[in-house]
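Peer 1: Protein sequences appear in the order of chains A and B. Per the numbering used here, the very first residue in the first sequence carries number 137; after that it's consecutive. Per the numbering used here, the very first residue in the second sequence carries number 155; after that it's consecutive.
It is worth saying that the hints were derived from the structure and are not from the lab. No residue lacks a Cβ here, since even glycine has one placed at the ideal position from N, Cα and C. Heads up, a few of these hints could be off.
Said to hold, decoys possible - So, partial list: chain B residues that the calculated Cβ filter (under 8 Å) puts toward chain A:
id: 1; residue: Tyr-176
id: 2; residue: Arg-185
id: 3; residue: Tyr-252
id: 4; residue: Phe-254
id: 5; residue: Gly-257
Stated by the list, open to error - In silico DSSO-like links for lysine-lysine, alpha-carbon gap of 30 Å or less:
id: 6; chain 1: A; residue 1: Lys-214; chain 2: B; residue 2: Lys-195
id: 7; chain 1: B; residue 1: Lys-195; chain 2: B; residue 2: Lys-171
id: 8; chain 1: A; residue 1: Lys-204; chain 2: B; residue 2: Lys-171
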Amino acid sequence: DAGVIQSPRHEVTEMGQEVTLRCKPISGHNSLFWYRQTMMRGLELLIYFNNNVPIDDSGMPEDRFSAKMPNASFSTLKIQPSEPRDSAVYFCATRSGGLYGYTFGSGTRLTVV
Amino acid sequence: ELKVEQNPLFLSMQEGKNYTIYCNYSTTSDRLYWYRQDPGKSLESLFVLLSNGAVKQEGRLMASLDTKARLSTLHITAAVHDLSATYFCAVGSGTYKYIFGTGTRLKVLA
């Protein structure tokens, strides 16, 4: 079991560019969550999916952010256009349901200059 | 809406000392997790607490849950430098998600 796999690990991009973050969940984990972590705001839940269906996207900060889960083994978080205030570490986490907790990916550190 | 508060936010302690981190939450929940995060790393699950009075221990860390008080504690016994990290509690909300506390940044001084 390779765990939750995120890519890229680091991304540096210029303001205005499109950024796509990727996540491969653990096989059999049917819930997937995207979090953003900053020093100022801590861990913020952006959106989560259950069985590939978006359940709650109320944490997505703006229309510039979008997320998809086309199948059980892949999810993307896209920012278009990116802004410097989007700089953060973005974590993908998955869980298998019931009373189980999250397994986190290693995160993507995004820097928008 | 579920709110989760941790205190203290920062904790600097000497090796060998004991201390407790507190996690308060605002509404009833059936599950609570403690996570550890090392600088620049991801979050690692430490304990899951599922019932009132539940106590879990591993090494120098012991977690407990009082569902009536809506309070969980993470107690550190005889701290060592390797325990330096940020500790988060996460409280179950609804069917799917967890709400995280602000985190407690622990620094153990030699």
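Peer 1: Hint by hint, where does the structure go against what was stated? Just the numbers, ascending.
Peer 2: As far as the earlier hints go, 1, 8 are violated by this structure, in ascending order.
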